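K.L.:
Read off the chains here:
2 protein chains.
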Amino acid sequence: MSRKTAGPEIERLVQLLARLPGLGPRSSRKAVLSMLKRRNELLVPLSEALQQAIAKIAECPVCGNLDTVSPCSICADPRRDQSLIVVVEEVGDLWALERAGVVSAQYHVLGGHLSPLDGVGPDKLNIASLVGRARSPDVKEILLALNATVEGQSTAHFISDQLVSADVTVSRLAQGVPIGGELDYLDDGTLAAAFKARRKL
Amino acid sequence: MSRKTAGPEIERLVQLLARLPGLGPRSSRKAVLSMLKRRNELLVPLSEALQQAIAKIAECPVCGNLDTVSPCSICADPRRDQSLIVVVEEVGDLWALERAGVVSAQYHVLGGHLSPLDGVGPDKLNIASLVGRARSPDVKEILLALNATVEGQSTAHFISDQLVSADVTVSRLAQGVPIGGELDYLDDGTLAAAFKARRKL
Numbered sequence: 001m002s003r004k005t006a007g008p009e010i011e012r013l014v015q016l017l018a019r020l021p022g023l024g025p026r027s028s029r030k031a032v033l034s035m036l037k038r039r040n041e042l043l044v045p046l047s048e049a050l051q052q053a054i055a056k057i058a059e060c061p062v063c064g065n066l067d068t069v070s071p072c073s074i075c076a077d078p079r080r081d082q083s084l085i086v087v088v089e090e091v092g093d094l095w096a097l098e099r100a101g102v103v104s105a106q107y108h109v110l111g112g113h114l115s116p117l118d119g120v121g122p123d124k125l126n127i128a129s130l131v132g133r134a135r136s137p138d139v140k141e142i143l144l145a146l147n148a149t150v151e152g153q154s155t156a157h158f159i160s161d162q163l164v165s166a167d168v169t170v171s172r173l174a175q176g177v178p179i180g181g182e183l184d185y186l187d188d189g190t191l192a193a194a195f196k197a198r199r200k201l
Numbered sequence: 001m002s003r004k005t006a007g008p009e010i011e012r013l014v015q016l017l018a019r020l021p022g023l024g025p026r027s028s029r030k031a032v033l034s035m036l037k038r039r040n041e042l043l044v045p046l047s048e049a050l051q052q053a054i055a056k057i058a059e060c061p062v063c064g065n066l067d068t069v070s071p072c073s074i075c076a077d078p079r080r081d082q083s084l085i086v087v088v089e090e091v092g093d094l095w096a097l098e099r100a101g102v103v104s105a106q107y108h109v110l111g112g113h114l115s116p117l118d119g120v121g122p123d124k125l126n127i128a129s130l131v132g133r134a135r136s137p138d139v140k141e142i143l144l145a146l147n148a149t150v151e152g153q154s155t156a157h158f159i160s161d162q163l164v165s166a167d168v169t170v171s172r173l174a175q176g177v178p179i180g181g182e183l184d185y186l187d188d189g190t191l192a193a194a195f196k197a198r199r200k201l
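These protein sequences, in sequence, are chains A and B. The first sequence begins at 1 in full-length UniProt numbering and counts up one residue at a time. The second sequence begins at 1 in full-length UniProt numbering and counts up one residue at a time.
Keep in mind that the hints were calculated from the coordinates and are not lab data. The reader is advised that the hints may include incorrect statements.
Intra- or inter-copy, both count: the list cannot distinguish identical chains.
[Unchecked claim] Straight-line Cα separation of at most 27 Å, BS3-like style, residue types lysine-lysine; simulated pairs:
| no. | residue 1 | residue 2 |
| --- | --- | --- |
| 1 | Lys124 | Lys56 |
| 2 | Lys124 | Lys140 |
| 3 | Lys56 | Lys30 |
| 4 | Lys124 | Lys37 |
| 5 | Lys124 | Lys196 |
| 6 | Lys30 | Lys124 |
| 7 | Lys196 | Lys56 |
| 8 | Lys30 | Lys140 |
| 9 | Lys37 | Lys196 |
| 10 | Lys200 | Lys37 |
| 11 | Lys30 | Lys196 |
Please read these numbers as outputs of a predicted model, since none were measured by experiment.
Construct the entire structure; sequences and hints are all you get.
P.N.:
Next comes the structure, spelled out in structure tokens:
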């Protein structure tokens with residue numbers, strides 16, 4: 001931009017918002033304008049919500065979930081199955097599983113997947129703490145609910161190796177045709193996995 | 001959502017962000033997670049930038065631009081052409097013209113376009129103040145740089161009628177083939193306008 005079009009405060013806001021996934025410089029500019037136009041309905045509440053988030057939300061020291069209480073409400077819930085730990089890459093995956101309501105157990109958020117090229121080694125993920133938790137006598141099973149990507153699966157193999165010494169069953173999610181999936185649109189890998197894991201009707 | 005997946009603070013943040021143009025509930029959730037994960041690089045600076053915006057940015061009482069000084073830096077700049085007022089619908093349009101660097105004059109932001117069905121009458125837009133400014137002896141021309149939409153053009157006609165009593169030239173942007181535009185992809189209206197306004201080479 002050769003000319004100053006807005007104050008540095010507006011420019012800074014545009015630049016920061018543009019760092020969010022899904023927003024580019026152009027949509028960020030639109031978003032900032034919309035905020036400034038709807039000051040009391042959007043700008044002020046958003047600012048307050050961010051301040052609340054900074055003040056209250058922290059990572060659970062046990063599982064890595066984000067919550068306002070520590071340990072998080074999932075770790076603190078005695079009605080949940082204490083014998084199963086579901087390992088996920090990100091908090092978003094935990095939310096997805098909770099939304100689906102498929103399991104009422106413990107979680108463990110790794111904080112990503114192994115990616116040597118990006119400098120993400122085992123020490124950058126919450127793997128050591130998972131191995132520690134797996135040694136608890138309460139824990140019987142570790143479900144590695146990682147993404148069905150190359151990185152997710154190689155991370156799962158690495159963790160599985162680390163858990164050999166612990167007295168737990170290590171499992172992974174089933175792979176196959178997604179519900180509602182049309183064979184014609186599925187990739188070869190999924191079809192091969194679904195074929196190999198075929199089950200008797 | 002049948003089950004609580006995150007604290008109310010996170011949910012509130014997701015809902016507020018989802019109100020921004022270009023972000024839906026899903027991308028808003030992703031954005032919030034990304035913010036919480038990059039607390040010091042993103043969440044805290046964004047919160048501070050919003051607080052700065054609330055504290056400092058206000059609408060210019062003269063032209064309706066958003067700035068940290070009042071009147072805004074454009075209105076206060078004596079090097080700009082004081083005889084031309086460029087009328088735009090939104091602050092974003094003002095920014096676009098400034099980015100392009102096409103004109104160094106005064107601006108007037110209407111705050112939208114006339115839209116009787118949405119309850120936006122002349123009293124909801126900054127039209128009265130424009131008529132007031134047009135009466136100033138310094139002002140010779142009012143350029144109605146409104147969107148080339150039905151609403152923008154009918155708003156331009158309405159304003160043009162209001163300015164009859166003021167001693168100013170009222171103009172509008174030229175319409176035609178956009179630079180780089182391919183005829184085959186242009187709509188009939190643009191082609192017709194370009195034909196009618198054809199010029200000798």
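K.L.:
None of the hints should be skipped; say for each whether it holds.
P.N.:
Here is what the structure says about each hint:
no., hint, in the structure
1, Lys124 x Lys56, "within (24 Å within a copy, 40 Å between copies)"
2, Lys124 x Lys140, "within (26 Å within a copy, 66 Å between copies)"
3, Lys56 x Lys30, "between (29 Å within a copy, 19 Å between copies)"
4, Lys124 x Lys37, "between (42 Å within a copy, 14 Å between copies)"
5, Lys124 x Lys196, "neither (34 Å within a copy, 66 Å between copies)"
6, Lys30 x Lys124, "between (36 Å within a copy, 21 Å between copies)"
7, Lys196 x Lys56, "neither (47 Å within a copy, 63 Å between copies)"
8, Lys30 x Lys140, "neither (51 Å within a copy, 32 Å between copies)"
9, Lys37 x Lys196, "neither (57 Å within a copy, 38 Å between copies)"
10, Lys200 x Lys37, "neither (61 Å within a copy, 44 Å between copies)"
11, Lys30 x Lys196, "neither (49 Å within a copy, 34 Å between copies)"
This entry does not satisfy hints 5, 7, 8, 9, 10, 11, going by the numbered hints stated previously.
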